[in-house]
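Protein chains in written order, with the working numbering: chain A, 1 to 113; chain B, 1 to 116.
Hints listed in this document are in silico derivations from the structure and should not be mistaken for laboratory results.
Small disclaimer: the values here were computed from a predicted structure and weren't measured.
For every residue, glycine included, the Cβ atom is placed at its ideal position computed from N, Cα and C.
Check each hint, because a few of them may be wrong.
[Unchecked claim] Derived CB-CB ranges, DEER-like: (1) B:Lys55 x A:Pro113: 45 to 53 Å; (2) B:Lys66 x A:Gln16: 41 to 49 Å; (3) A:Thr83 x B:Ser9: 19 to 27 Å.
Chain by chain, the residues:
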Amino acid sequence: LAKTTQPISMDSYEGQEVNITCSHNNIATNDYITWYQQFPSQGPRFIIQGYKTKVTNEVASLFIPADRKSSTLSLPRVSLSDTAVYYCLVGERGNSGYSTLTFGKGTMLLVSP
Amino acid sequence: GAVVSQHPSRVICKSGTSVKIECRSLDFQATTMFWYRQFPKQSLMLMATSNEGSKATYEQGVEKDKFLINHASLTLSTLTVTSAHPEDSSFYICSARPGSGANVLTFGAGSRLTVL
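With these hints in hand, go ahead and build the complete structure from the sequences.
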């Protein structure tokens, strides 16, 4: 299983763009990169998933370089409600079976006024 | 979108009793569900993979006789913490994959277990 490494915590202010980088040096060819958000005492919520280059949805963007050994979650103009823990996971997206998704330590993002 | 419902959200029990937590996929069928445990200020730890119609697969270090998992239908998996002790107090979260072609999990809201 590909291991992920993220910063333990990050601080930001409302309205700023936040970029959280995740390292996954031994990512496998069939692995996709998925980010989740978790608020205290709640289950994680899917944010975005990608395989290479750039993916954007209404919530965030995900940048993946060509070697795929890292990825960056970009949150535009964060608000106080974006204060949460963000997890980066890698796992296979295959029709014959899925690799178990293992959570790393995550990044605690604190957004201040 | 896909919804996973978990019940109860909070439960307090006495030491030595058993507690059952239910996990339901509301608008999709899930042949596989996953149970996680999360201690305060820590990450989620996968406990077991629940397979519909067959035995669950437990992660190393998780006692299968203590954490009984039953996946009797395509929309329901249950986790029973047997003979609970204070050290079993934790946040238990279930999840499932809503569809094929994407390794994306939908999580329940979690169940906070407190053992007195």
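To see whether the hints hold, each was checked on the structure:
Range check, B:Lys55 to A:Pro113: about 51 Å between beta-carbon atoms, so the 45 to 53 Å window is met. The hinted window of 41 to 49 Å between B:Lys66 and A:Gln16 holds, with their beta carbons roughly 46 Å apart. Look at A:Thr83 against B:Ser9: about 22 Å separates their beta carbons, and that is inside 19 to 27 Å.
In this structure, every one of the numbered hints holds.
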